[in-house]
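Listed here are the chains, written in short residue letters.
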Amino acid sequence: MSLVRAERRRFIKRRMIVWTLVIFVGLLTTIGSIVFFTTEKVTPAARAAAQAQADREYQRVMDEYQRCQESPTERCQGMPEPQREWFQAEYFMPPTFNFRNDADDFIIAWAILLAMFSFIIGASFVGAEWRSGAMMNLLTWRPKRMQVLGTKLSVLLGWLTVVGAVTFGLWTAALVGIASAHGTMERMTNGAWQSYGLTGLRGLAMILAFGALGFGLASIGRHIGLALGVALGVIILGQFGLTLVLRMAEVHYPEQYLIPYHMQAWMEKRVEIGDPFAAPGIEAPTKIISFGESGSIGLGVVAWYWRWRSTPCAGAISPPRRSRHSLGRVAAACAAATVGLWLTRSGRPPAGGCWR
Amino acid sequence: MVPDMTSVLEINGLRKTYRARGGPRRALDGFDMQVEAGQVHGFLGPNGSGKTTTLRTLLGLIRADGGRMRVLGQELPKALPKVVGQVGAIVESPQFFGSFTARDTLSLLCDAGNLPQARVGWALELVGLSERSKDRVKTFSLGMKQRLAVASALLKQPRLLILDEPANGLDPGGIREMREMMARLSASGMTVVLSSHILSEIQIICDNVTIISLGKRVAAGPVSEVLAAHSTGQVKVAVEAVTDLPTAANVLANAGISVQQDADHLMVSGVDKPASISRLLAERQIYVSELTPVSADLESVFLELTGTMPVPGQHRSVDDSVKVTQA
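Residue numbers (the working numbering), protein chains in the order written: chain A, 1 to 356; chain B, 357 to 683.
Chain A on its own, in the form it takes in the complex (with noise of 0.2 Å):
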């Protein structure tokens, strides 16, 4: 417990991770705010006006129209008979805020936000330690090895936990707001506000995520910079350069490997995605993501890198030698696995039974 008592207290003294997590209370703020300032109740006055600009409109085509008719000229060529119900007023209402349709769009955005700011703040957390040497000094205290950084990732965990059920709360809170002073919390049943709460929870699982994916990353590099140059060749390679591949490759539904589809399916439950390169004069039908599919692929890559490093092979090299010397064998493993993964869906090892 006193090693939790330490680490609890060092990650709230850590500079940086108080100055990420302000930010990112910033942007929040921030967002919160534009969103505010921009919308509005909508009000009998509001809904009278709209109606009385759509039926302005709707007189000022149909005028436009007749004109037409009676005179024509090459600009009223095709101009077709405007109805009635391409005016309505629901078009020119002022911007609102419906917490039934928009707040989902709001929680993503807090958990993508929260993931980044996760990552930093997890390969921060234990990179920093290492670069500074303060771990080596730490490890004269508490020789085992494991349990020092299983109590670092058990406490970040915790923190992380803790900061996105506040803000998750908070932000929720805002949005209520300003649901209520800028728009409408109509239609919030007890099914809505349970599909909310579970959006949520998905969200927070992907901050967690995150955060042990940058401590894990800057475990192996003992520096953040790994972790961050990682994420950076993830972004760079991983997405724009796959991206290029796989259309140059004219590959059937492109986005299945790319890594925002998946954390968008995983947010929004599914994601539905076309096939650009579909035989021509042939609708293909569209391909969906699922939040499963996405979150099994997530949990099939870890359970394989766990694999991949408890399990002897022949050939491989020693796990002492292996832990600190074979970055880049990891990082080529975990791309190959991801993408075998992908393309077997079957999780399992090829022939042989190692991937190295």
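These are calculated hints, taken from the structure and not from any lab test. All figures in this text were calculated on a predicted structure; none of them were measured in a lab. Heads up, some of the hints might be wrong.
Here are a few chain A residues that face chain B, going by a calculated C-beta distance under 10 Å [to be verified]:
| hint | residue |
| --- | --- |
| 1 | L138 |
| 2 | T184 |
| 3 | R187 |
| 4 | T189 |
A few chain A positions that, by computed beta-carbon distances, are all more than 12 Å from chain B [unchecked claim]:
| hint | residue |
| --- | --- |
| 5 | S2 |
| 6 | V4 |
| 7 | A6 |
| 8 | G26 |
| 9 | T73 |
| 10 | Q88 |
| 11 | T140 |
| 12 | P143 |
| 13 | T151 |
| 14 | S154 |
| 15 | A165 |
| 16 | A231 |
| 17 | Y261 |
| 18 | A303 |
Away from chain B, derived, C-beta distances all over 10 Å, residues of chain A [said to hold, decoys possible]:
| hint | residue |
| --- | --- |
| 19 | V25 |
| 20 | L27 |
| 21 | I31 |
| 22 | I108 |
| 23 | S132 |
| 24 | G133 |
| 25 | A134 |
| 26 | N137 |
| 27 | L139 |
| 28 | A181 |
| 29 | Q194 |
Beta carbons are placed, not taken as given, at the ideal position from N, Cα and C, and that holds for glycine.
Since the structure of chain A is provided, determine the placement of chain B on it from the hints.
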């Protein structure tokens, strides 16, 4: 080997090989060391001789390839978690997170070690950092970081204190304070293992020394015995008139004494009683103005044992030490 009950630290046949691009490099090659309770024990060796590897292995920071280690009667590394609370250590340069204050740094270590927070102030006072305790570590000079490192090692009030180059970066006053602190700690019953390149300090502070070269022990024992074992037994002889030096050299040589003549003195060796030199020369009316036994100091013994004596016009590589077959 039967463990000595008064031994605080015992190392037998310790081996460690690093894999390097140029092929395996043997850092420890059957190294032995023994430190008795209450000693201030000097641990000496040239750069790359295996000192830090030994200390890092002891503290569980790296794994040995072979050999045995016992600390406070417990077998390492198995019992390290059990004894680590009684071992205070700084290894290599002081390593702290720069953005924390000195007080925070020690306070967090106290928490990690489940120690009372009252020790933070005590340790800072002991190393003279009380007034800078609220400053961030990154604003500290090397000497101040060194003091903080010593304070962190003392927090545990350990039975065995391992200090790697504790005087590194300290000013002369700080070195003297450190020396006095070692003496106080030793007097209070603490065993101190001190690795340093300031050999004059080691000679003053330490009761015993172990000298390592190329991963092997090349000398060990009480400082006085190590010095005596490597003393040349030479006597410097000067006479009243420098012109008498050739005659004096002849007289001593005729008496069967080995003599080497320098510009203004003779270096005489193989003499049991230096007084016999005075007597022999006085019989020829040559009067001695200086008769000084030449004693070895730790620096010259160290340079001789490790083969690291500088030679004018030659450059020495860090690995150019002497390989000694037995201690």
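Here's how the hints hold up against the structure:
1. L138: Since chain B brings a Cβ to about 6 Å from L138/A, closer than 10 Å, the hint holds.
2. T184: 47 Å, violated
3. R187: 49 Å, violated
4. T189: For T189/A, the interface hint is violated, since the closest Cβ of chain B sits about 48 Å away, which is over 10 Å.
5. S2: 4 Å, violated
6. V4: 9 Å, violated
7. A6: 4 Å, violated
8. G26: Given a closest Cβ separation of 21 Å, the condition holds.
9. T73: 74 Å, holds
10. Q88: Given a closest Cβ separation of 59 Å, the condition holds.
11. T140: 5 Å, violated
12. P143: P143/A is in fact no farther than 12 Å from some Cβ atom of chain B, at 4 Å.
13. T151: Given that some Cβ of chain B is not farther than 12 Å from that of T151/A, nearest at about 9 Å, it is violated.
14. S154: About 15 Å separates S154/A from the closest Cβ of chain B, which puts it past 12 Å; holds.
15. A165: It holds; A165/A is separated from chain B by about 25 Å at its closest Cβ, greater than 12 Å.
16. A231: 23 Å, holds
17. Y261: Label holds. Min Cβ-Cβ 39 Å, cutoff 12 Å.
18. A303: 28 Å, holds
19. V25: Consistent with the label, V25/A stays out of reach of chain B, its closest Cβ about 21 Å off (over 10 Å).
20. L27: The claim stands: L27/A keeps its Cβ more than 10 Å from every Cβ of chain B (closest is about 23 Å).
21. I31: 30 Å, holds
22. I108: At roughly 34 Å from the nearest Cβ of chain B, I108/A sits farther out than 10 Å, so the non-interface label holds.
23. S132: The assertion about S132/A is violated, with a minimum of 5 Å to chain B.
24. G133: Answer for G133/A: violated, closest chain B Cβ roughly 3 Å.
25. A134: It is violated; A134/A is separated from chain B by about 4 Å at its closest Cβ, not greater than 10 Å.
26. N137: Its Cβ does come within 10 Å of chain B, the nearest being 5 Å, so this is violated.
27. L139: Non-interface label on L139/A violated, nearest chain B Cβ at 6 Å vs cutoff 10 Å.
28. A181: Check passes; 41 Å lies beyond 10 Å.
29. Q194: At about 41 Å from chain B, Q194/A clears the 10 Å cut-off, so the statement holds.
When held up to the earlier numbered hints, the structure conflicts with 2, 3, 4, 5, 6, 7, 11, 12, 13, 23, 24, 25, 26, 27 and fits the remainder.
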